[in-house]
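Enquirer: Protein chains in written order, with my numbering: chain A, 1 to 677; chain B, 1 to 455.
No wet-lab data here; the hints were simulated from the structure.
A few of these clues could be false.
Unchecked claim - Far from chain B, some chain A residues (derived; all Cβ distances over 12 Å): (1) Phe146; (2) Arg179; (3) Pro378; (4) Pro482; (5) Asn531; (6) Arg632.
Unchecked claim - Below, computed lysine-lysine pairings styled on DSSO-like, alpha-carbon distance capped at 27 Å: (7) A/Lys629 <-> B/Lys124; (8) B/Lys399 <-> A/Lys154; (9) B/Lys399 <-> B/Lys422.
Stated by the list, open to error - Stretch-level coverage of chain B by chain A, calculated; a stretch enters the list once three of its residues show a Cβ under 8 Å from a Cβ in chain A: (10) 173-181; (11) 301-313; (12) 381-387; (13) 417-426.
Owing to the predicted nature of the structure, the values given are computational and were not obtained by experimental measurement.
Even for Gly, the Cβ is constructed at its ideal location relative to N, Cα and C.
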Amino acid sequence: MTRFPAPDTRIPAFRSNRQLFPGTSGFNHHGFTGTAADRYNQIHAKVVISLDIVERRTSFAQVPAGSIHNLKQRAMNVSKVLTIVITTLLTICAGRSRAQELSPSELIPDSCVIYAEVPQPARLISAVFDHPLCEKIQSLDLWQNFTHSDAYRKFLTGRKYFEIQMGMDWRPAVEALTRGGIFAAFDAKSQGVVVMVRADSAETAEKFKTGILQLAAVGRQNDRATDEYRGVTVYKLDKGGAAAVGDWLILVNKVDPGRFVLDRLLDHQSGAASSTGTLSQNIRLQEARKQITPDAAAMAFLDLEQLRSEEKIRRSLETQTENLLAEGLVGGIQSTLLNAPWVAAELKISDPKAAARRPELAAEDQSSPDVTLTLQTPFSVQWIPEERHHYFGSEPEGHAPLLPAVPDQVLSLATWRDVSEMWLRAGDLFDENTNDQIANAEGTLTTLFAGRDFPQEILGSFQPQMGLIVARQQFSEDQPIPAIRLPAFALVLEMREPGQMTRELRRIFQSMIGFFNVVGAMEGRPQLEMNMRQLGNAELVTSEYIPEDRDRNSRTAPLVFNFSPSVGFAGSRFVLASTQQLAEQLASAPVATGDGSQQPNTAVRLTASVLQQILDDNREQLISQNMLKEGRSREEAETQIDLLLQIVGWFRSADLTLVRKTNSLQLNISLTAEQAP
Amino acid sequence: MTEQMISEIDAASAWEPWVPDEQSPWDTAAAAHLFRRAGFGATADELQEAVRKSPAEVIEQLVSGVEDSTWQQQMNTLADSAVATGNVRQLSAWWAYRMLTTPVHLIEKMTLFWHGHFATSAAKVQDAELMLQQNQLLRTHALGDFSALVQEISRDPAMLLYLDSATNRKAHPNENYAREIMELFCLGEGNYTETDIRELARCFTGWEVRRERFRFNAYQHDSGEKTILGQTGRFSGEDGVRIVVAQPTAPEFLVSKLIRYFLFDEPAASPQLIAPLADLMRNSGMQIAPVIRRMLGSRLFFSPWSRARKIRSPVELSIGFLRTLQGSVNTFELADHLEALGQGLLYPPSVKGWDGGRTWINSSTLLGRSNLIRHLLEDDRTRFNRQPIEEYLSSSGAKTGEQIVNFLEPLLFAVSLSDPTKQRIAKLINGGGNRRQNIIDGIHALCTLPEFQLA
């Protein structure tokens, strides 16, 4: 029998001693044992055996006796030729088997309900360490102090050890170690987590295995550091273990998923692999993958259909939201998750190196986010029950309004919610307790709104498109300036019947101010003075607190001086603002232009530079709170708060949009950093 | 100590200046006793510095100390920030922070005394600004003229609101404040009559609180003739206060409370013991500082009659523990814990203030006090000289269990611990496993000893 050299010397050595995966007993395995050459020889032996069977089967046939010897001889010759041909093919196949890579999802069980992958970790590393923010962080005093700490010194020692073991600097070493990607999954059946890392080569994985895993395992006390499973050394780590097979590094916290992954890898190497029972067969994962863009830095998949088979999870998704705000925020999403088969997530990051190479790009595309997380799920309007039509609207779907912009705007929220319908359907949406509270609130609000039926006549008089604008307040020197400077905020709504409602709302607002004055007088608070005026096409009804003499020039005035409640009317636009200034700005702002049908269901934007200014306005207050809460000295608290302000200043904006399409629902969250100076 | 023992104390020599000798030296234990009573405790460095000076010098520093203007400004800013939130709980936290960081121990200790004396609860007043105003008033007059303090507190809006005296009309004089000023603030029971109360109440008619301000409404003032404590005239509210404070029993009443606060919880000081200090107060124009100076520097103060003769109040227990070890902490949580233990800052239980003494200790509060110390030790935000406890002790040269116990004993305890107790705690600290946890367990064990409850 001819023995051929091993086709791929990088295939790890398999020893014959069959030991158990840590923590298991009676493990049933069926792989080959021995070295790569032995493995090849075993395969070869199998081929010969099967030819022998063919030969014997032939002999069982009724063949003339004289011909038997000749036939046998010819068969032997054929056998030798076939052996050469088949072994050559096997050699080629064995070589090809490395090329025909197993996808990571073919290594993990189909009972995995969460799966995530980072195909090119080097990109993420670059995004973090090559980003201008990284340099800024390293220039912080806090970071500099940290680099002198024991913890940092220990970290450096560990990193140095890693570098020595890997024979290169930490960054290229990490990049080499993760060149093929990082993959993680959660197996619902075993409640286990699998993390798989694919290195650039088996040598790199081997270096990591012998240098790091061994050390980590040896560090365990009073226990065996390693075990063997089908000839693979498994390093025991707590309840799980770690192993390296070829260029794969596998880390698990439970035995079962680890065993599954090793079996898959080893079977694949032996050519006996099958994708049956693996996550790759999951049709929902396949569908989800189609939504992931090629340039995603990371993706994740959530198998909702499998998850919902868990009673607890299904019940939690069916749980009522129990209050109006939560219902308005997530009601429609909850119904979608109750029916959708999967959720796909992708993370996109900008390439700081590319931006640095082409600075004109940054200048041109100021709004290009640095990090974007997109969550997507299939959607069907049939999944949204009638009582939740307030969320997306029935066909055609509702779109958030285009909101006017004001100076120093820190937050804008535009959404489509039929609040009137939600309120009126409260009986179907909430439990008894919440409904009692809503009934009580309705009574109070009806009184406050001059006897008008609150959900129908007040909320129902507005279109479902609504906006919330929050902006930094400017205080003039001749006004009392509050010790805590709150931002101004305003609701921007569209009246269904402006002609009728303008008058109604004006009168209601006047009644409310009168009511506040009566209550305020009883509690010794300053009184509101009303005013009405025309501003172009806009009409304003304003009010402001009249300061007492002691507060007139105060720079630490009470909180109420943050407010000058006002309303504005401009055509069908209605503005209810916490300050006169914001009411003026929003009522007189031109109607935003654009294709309203392209608007998402909900859009939120937070502007970091204004947030920084608002925090800075309240720096003294933040320092005080920090001193009292953390027990810090003033100097320490100042450092802490100034650091917070500095960090906020590194960012430009954060955005969130909820987009409902015909067949999908998408939530996008993005963060844009301030450009490097 | 019994009443008979107290009566046996020679009143004349009791208040004579203490002169250290071999039997009773001026050492760290004596200095720690002084700082525990005149403040909330002292650090090892402060004690070392104190013993390098004479007792008289240290006492003079305590009595005449002035808050550093920069620190004072910081505290005022912090108070304004707390008031700006409109939340009185923030103000409680602010006061705890002030106690933890004040460079002038005695002022803060006296402010706490006056807060218990002129007890006003934010639970009823519900106005952070007014509570702060009163707190600052108590601090301003902490060691000053008692007469001026009573005049000011009588017009203090928080006090008047607390005693339901925001309105006082001549047709229906409100007797609340008149009763309290005689019974609780100046004279004590048995030193006035119900007629005196009614007549004094007439003096206060027209005193009102409007829009958080004191206002005198002349139209509602009864300007008729009144007879109070033997004096007759058309007295105003100010006259009424002056007459009450001028009563001979006023300094005696106050001195007896001060002796209880600074020297021993029980029994009550005898009239003979009170008399010399009452005379001193009277002769100094009702000034507080001379009385305190005499008390703190007296033979009685440094004698066994006074040492370890008080039960630590929750504030003394927690602030003392932290100050002694240079601790800083989440003061919001500390304020909440103090309230749970019965001494919420700005939240006294009644107009009588805190009873103090043995009332601080019962099965429930004893457990609570123990839990408070453990919470302080285990909370990540609690730092000792900006370090975790184990690093703080190491940097103070206390590394082994024995060293730690020896380091802490003179700082935390008014009495010496027995050797077996010290060995047991040291063994606990030296035990295997997590060093930080062992140290925490050891200190916690120390602070659950009955001896730790004594000041």
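Enquirer: Of the hints given before, which are not true for this structure?
Expert: 4, 6, 10, 11, 13
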